[in-house]
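Engineer: Sequential numbering from 1 applies to the sequence shown in this note's numbering.
Worth double-checking, as some hints may not be accurate.
Simulated restraints on C-beta separations [claimed, not checked]:
#1 R121 <-> M161: 20 to 30 Å
#2 N205 <-> A76: 35 to 45 Å
#3 T125 <-> A77: 37 to 47 Å
#4 I160 <-> K38: 43 to 53 Å
#5 S226 <-> D177: 19 to 29 Å
#6 P200 <-> R121: 31 to 41 Å
#7 S17 <-> M161: 18 to 28 Å
#8 R139 <-> A203: 24 to 34 Å
#9 R121 <-> D177: 35 to 45 Å
#10 P261 <-> G217: 26 to 36 Å
#11 I160 <-> A203: 16 to 26 Å
Treat the hints as calculated values from the structure; they're not laboratory data.
Even glycine gets a Cβ: it sits at the ideal position worked out from N, Cα and C.
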Amino acid sequence: MDLRRLKHFEALYRLRSFARAADETGVTQSALSRSLQKLEAELGTRLFDRSTHFVQPTESGARLVPLAQDVIAAAAALNDEAERLKRPVSGVVRVGAGPYPMQPLVSESVAAFAAQYPGVRVTVTGGRSEVLLQGLLDRELDLVVCDMSKFEDSAFAHDIMVQGLPSEPLALVFRADHPAAAAERPDTTLYPWALPPPSPASAPNFARALRGRLAAGTFPDYQLDSTEACLEVARGGVCITVAPLSLARRACASGDLVWRPLPRSSRTNDGVHVLRRRTQPVAVRAFVDLLKATAKALAG
């Protein structure tokens with residue numbers, strides 16, 4: 001049974017006017033009349049006695065209108081509840097984050113999510129991408145934000161689906177009084193590096209000598225799982241490091257660190273990794289949407 005026809009029937013019963021009922025339901029009077037005729041044919045009974053001067057419900061119409069009103073109210077309640085289901089109000093979103101997306105991408109997304117959905121708990125686990133992806137496979141995490149090349153080279157590829165995020169430029173960072181600060185484009189092979197574990201996609205962006213060290217397993221000089229930790233080591237005065245441009249600018253705002261641009265090819269390569277064939281809760285989908293919006297804003 002067509003819900004629209006029931007609404008037309010209920011409006012005409014209540015208003016006793018084709019003109020007013022048509023106006024309320026947003027149809028023409030002729031369309032309203034045709035709708036009622038089809039409903040009467042479907043029900044097998046006449047619902048109104050009508051002429052050019054009056055509209056009077058029949059006995060059948062009077063008996064059926066309460067039932068029609070119940071159906072209309074139930075349909076409205078169903079729609080309202082469906083709309084509420086689209087907005088997360090409880091639950092947990094379990095996020096895994098690699099070093100570069102951890103700050104500011106994931107941290108800003110968590111802050112925005114907390115403001116919009118205060119009833120939903122969020123946990124963030126950092127670490128190596130291969131460990132996080134295994135946690136995703138074991139259903140310990142709902143999503144992982146990390147370099148997509150880590151996923152592409154893993155044994156998890158057939159079980160995981162990835163959505164690429166807008167990329168952000170990377171910047172070279174070191175102390176303001178570091179010898180590299182004297183050069184517009186410093187020779188990065190001359191100094192020790194503090195970095196998270198480099199991704200397979202990043203290797204071509206290093207100088208040839210550094211690529212050789214990377215292949216030999218002797219680079220970087222100081223390997224940490226956090227870009228913030230790398231920035232702290234750089235503040236010590238010896239090492240240089242790399243950070244997403246938005247994070248580099250913030251870290252350099254106090255003046256003890258400075259940043260230099262890297263080649264245009266040096267950019268983040270992050271994506272949102274989720275399990276294939278797993279229906280994501282509404283809270284997880286909402287968090288992913290916020291991640292995409294935050295990544296777009298950071299990428300400029």
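Engineer: So, for every hint listed, does it hold in this structure?
Structural biologist: Hints versus structure:
no.: 1; hint: R121 <-> M161: 20 to 30 Å; verdict: holds (25 Å)
no.: 2; hint: N205 <-> A76: 35 to 45 Å; verdict: violated (57 Å)
no.: 3; hint: T125 <-> A77: 37 to 47 Å; verdict: holds (40 Å)
no.: 4; hint: I160 <-> K38: 43 to 53 Å; verdict: holds (51 Å)
no.: 5; hint: S226 <-> D177: 19 to 29 Å; verdict: holds (24 Å)
no.: 6; hint: P200 <-> R121: 31 to 41 Å; verdict: holds (34 Å)
no.: 7; hint: S17 <-> M161: 18 to 28 Å; verdict: violated (56 Å)
no.: 8; hint: R139 <-> A203: 24 to 34 Å; verdict: holds (32 Å)
no.: 9; hint: R121 <-> D177: 35 to 45 Å; verdict: holds (44 Å)
no.: 10; hint: P261 <-> G217: 26 to 36 Å; verdict: holds (29 Å)
no.: 11; hint: I160 <-> A203: 16 to 26 Å; verdict: holds (22 Å)
Hints 2, 7 from the earlier list are contradicted by this structure; the remaining hints agree with it.
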